[in-house]
Amino acid sequence: MTRYIINRLLWLIVVLFVVSLITFILMHLVPGGPWDKEKTLAPQVVEALNKKYGLDQPIIVQFGNYLGGILHGDLGVSYSFQDRNVTDIILQGLPKTATLGVVAFILAILIGIPFGMAAALKQNSWIDYLSVLFSTIFASIPGFVLGILLIIILSVELHWLPTGGWGSVQQIIMPAFALATLPAAFIARMTRASTLEVLRQDYVRTAQAMGLRQRVILTRHVLRNSLIPVVTVAGPELAALISGSFIIENLFSIPGIGRMFVNGVFARDYGLIMGSVLFYAFAVALINLVVDIMYAVIDPRIRFD
Amino acid sequence: MTIATESARPHHTLWGDAWIRLRRNRLAVAGAIIILIIALAAIIYPFFSKYDFASQDLNAILQGPSSAHLLGTDELGRDVLTRLVSGARTSLMVGVFTQIIVLGIGMPIGAISAAAGGWVDNIMMRFVDVIYAFPDILLIILVRSILGGSIYMIFLAIGLVNWVGIARLVRGQILSLKQRDFVTAARVFGGSGGYTTMRHLLPNSLGPVIVSVTFNIPRAIFTEAALSYIGIGVQPPTPSWGAMIRDGYNVIFAAPHLVLFPAIAIGLLMLSFTFLGDGLRDALDPRLRR
Amino acid sequence: MVKKILTIFFALVIITSLIVMPACSSAPSGPQNLTVNIAGEPSQIDPNRASWSTERTVIMQVFEGLLGFNQDLSLKTVGATDMPTVGNGGISADGKTYTFKLRPEVTWSDGVKVTAHNYEYSIKRLFDPDLAAEYTSFYFNIVGGQAYYEAISATTAAKAQLHDAVGVKALDDYTLEIKLINAQPTFLQLMALWPTYPIREDIVTQYGATWTEPPHYIGNGPFIMTEWVHSDHITMIKNPNYWGDKAKLDKLVLNMTTDANALFAAYQNNEVDISGVPAGTEKTVMADTTLSPQILRFAELTTFAFQFNVTTAPFDNKNLRKALNAGIDRDAFINNVRGGVGQPAYSWIPPGMPGYDANLGADYHFDVTKAKAFLTAAGYSDGSKVPELHLQYADTGINPTIAQFIQQQMKTNLNISVVIEPMERKAFTQAVNAEQYTWAWYGWGADYPDPEDWLPQLFGTGAGNNHTNYSSAAFDSLCAQAAVELDNAKRLDLYAQAQAMVVDDAPVLFMFYRERFVLVKPHVQGLKHTGMDGDVPGDMFFANVWIQN
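For the record, the sequence lines run as chains A, F and B. According to my numbering, the stretch in the first sequence is residues 67 to 371, in order. According to my numbering, the stretch in the second sequence is residues 909 to 1198, in order. According to my numbering, the stretch in the third sequence is residues 66 to 614, in order.
Because the hints were derived from the structure by calculation, they are not lab data. Misleading hints may appear alongside valid ones.
Claimed, not checked - Calculated cross-link-like contacts (lysine-lysine; reagent style BS3-like; alpha-carbon spacing at most 27 angstroms):
1) B:Lys234 - B:Lys224
2) A:Lys105 - B:Lys234
3) B:Lys224 - A:Lys117
Said to hold, decoys possible - Sample of chain A residues lacking proximity to chain F, with all beta carbon distances greater than 12 angstroms (derived):
4) Ser86
5) Glu104
6) Tyr119
7) Val127
8) Leu137
9) Pro161
10) Pro180
11) Asn190
12) Ile193
13) Val198
14) Thr202
15) Gln236
16) Arg258
17) Phe312
Stated by the list, open to error - To be clear about the criterion: a stretch of chain A counts as covered by chain F if any three or more of its residues have a C-beta under 8 angstroms from a C-beta of chain F, and this derived list gives those stretches:
18) 88 to 100
19) 207 to 213
20) 333 to 343
21) 350 to 358
Note that beta-carbon positions come from the ideal geometry of N, C-alpha and C, so glycine has one too.
In isolation and in its complexed conformation, chain A is listed as follows (with noise of 0.2 angstroms):
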């Protein structure tokens, strides 16, 4: 096991160097630069920038540089921010972003998995048309739709709760819930339908005939089994609720990393990009990894050789 992850953490190294490649290539193939603005620049302008921030030097040497300072703890600088660097700017996104994230995802757990629960074991009975109901509803509503009803709701019509900002918890509250709907949804069916799939298995219906109790058989046999494919999304859920909701944090004014990584793209801010990226890859690899554990602990018979 020690050897397993210790072997996963070298790929991951690994899989940021190819990663930071790609993107570095793709990034500098599309068309349009930090500097074309729409009242154009002096060409003396441009040169000075280029100058500025090494953009005049060839590709490879650029990214020879990148990968130095990346060595030396350095991400870079912004293009868009000027006097901030990437590392400081994704800093203070972070914790914002993350928190947002960890609430989202609880609340998609806390409500997806005891609603997939429900509507398995009591299969074609109200809560199951119910569950398949409201995840349908909610996940019928795009993201950016469901957060402006929450706010001409809330707050424009009731005055509960601000519009947006961040640093209360009366502030987490709409962007949360909007961001975990989704999430809910999907992890309400994915465990309905593997809860279902468990409760047909043989050793299932055997412990059934062997006359255990009902609650025995559902938390030694059925929750366990039935998790694994939702470990499986629940992984990248988190993954991606981590990262950041470019939509949500753009609506709710929280001055989170998706934001500035969506704006950094449309900037052309090759700082910000390859930091938020590279931050990204690693969060998502990390995460990836804890979940194939949990593989093995959720499920013994899966061992790593």
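Assemble chains F and B onto chain A, guided by the hints.
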């Protein structure tokens, strides 16, 4: 006599059997019918409507539902009903084609990876990690800015970022199924690795995959809406539900019905896919075969 | 007779009381806090390096220059005692040397005196190639400036030499001399813009790139920045050491919401005091009894148009361009699609700017018959004979609506087929800047209120912002004469002739002049908007604003 009874029992293939069971599931059939109706309407309705999805009436802008326009008009005075029905085509295409790409890439990679195990699994999963490690939105924006704005590029962009989920799901399923008795049995009786995967592992892992696909179709329709929101969606004036929701969002304080109707349409489609997906999952479950 | 006098007397009393009363009741009351919204995190707030938009709003609260603008956008003195003229010796007879006398009472927010050396440091820094400031090219007429800025790869010693050679000099603590290469009648306007605001050398040296973070961000304006929560908000307080009339507000908060609907909701939830209205929602707001009295509408010095790439077929055909100009029902667009917000444009320079001419572009008022005549003159017997036109735009805001409107107009009015091509915003900008487009949607807003910013910049042969590839020797010659013409009437006449040429040649399809449609809470008093305010109405004069609860 015993022999006669045996032979009288019809021998069904996995798929034939599934089809019979699917037909018996009323909700699944209803879902399929609604999807068909939506698809058919998208094709036929334009011939009967007195409006064209692109024709504007500048004297009838942002109107609520009326007898002339059953679902009202949009910001350029276009008939919302006509656009909704025409938009179904774009949205169904976005939903279905992206999932074809997703399944086409994701299933084989997940299956091969899990079945082969060892270094093949390791290499493939690290490749999946690399793709996975790219933020979706970056890949989509890059693909869209490099390859241009046609609708096929949207399918491609959304498909390319989403297949890894299916690959990991299939792999996870197969890994857990591999340990089960019937697979072990198949191996013991001399089934080759590839055969075992195709005959036993893949069909058995289809349940969660189908659920995931029926969920991902509306999700892809959403992604398209999100792309519209940030300014890289489908090319107007061709309507899509996602773009209609975005356009409606812009004027939600003035004309909420512009968001409402496409949202209801997506909900209906999603519900249909859900029922169909559940039906398919049950129908394909080999343990329910007779 | 007596009755008549009495009537007049009472009438006068009533009128006077009507005039005086509101002024009396309209005094500051309650907490003097104003919260407004800027469209996102500023790129940076270094006056030398800042460009337009959000940065400018922040800088103008904390800094001020030698000159500034009145509400009608005429020039006024701020840090200078007098407006330099040839008469008072502020401008040399050849128009190439400017001498500014500084007000000795002006101080920085930490109490230190503002001197001519601060200005000299700032303007020389503006040309520092290592700083790579974006607006520097506006000031290349200052002696030695361009040479210094272009010496990107020079040695440190050579750079130092070029730095010292820049024609800006503090003759003493309160006299600043600036030498120009050529006489430039618009130079004083440039001196009212933020890149020439004074900067403290000691602070920049001490804190480096972090000098723009509070508490190091020391300016000479009416407000002090006390807090900058990145991507969230900026807080400012009244500068107690301000030399002039101190700000009436105690606190000014700049929020950074970017979604138009969210901002509108925040306004309705009393989180901001001034807000835009989401495009398309204007009519609803006008019909709302609570919101309609809070509407503030004013013209902005911005023209929106579709530029043709006049070197690509079929847009190289002048009569085709004129046909398209005449075949668009701009009134329908403004009145029906935009809810009456904006003003149809038939020429380039917008109303409110010197050089606006309402009589220009008479040929372009919507008239299908006339449009078809132009089409015939262009060599097309019918619109269907025109090759399919391709229209590009950045896929943001209401651009898709505008593009689809044009598409339908062309089809209905002229039977011309248009394919619209939305592009990712940066890809679009790049395509336009590289002139790899055919027909593109764009807008131009004033950097400073003068035709110089509107004609040679955009339609001069090879000019930086000329992406239509329009080229006319006669136009270039008119602009060249105007650039150095010190007689203002003559200068404006030259520009008027130049604009008439552009309008006649139609390198663009003129669409509309922007009108701002914003909401202001009734307790916000003394707001003074101008045509150059951008997203934050009244941001040039927030020091005059007070709250009356």
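Going back to the hint list, which numbers does this structure go against? Failing hints, ascending: 2, 4, 11, 13, 14, 16, 17.
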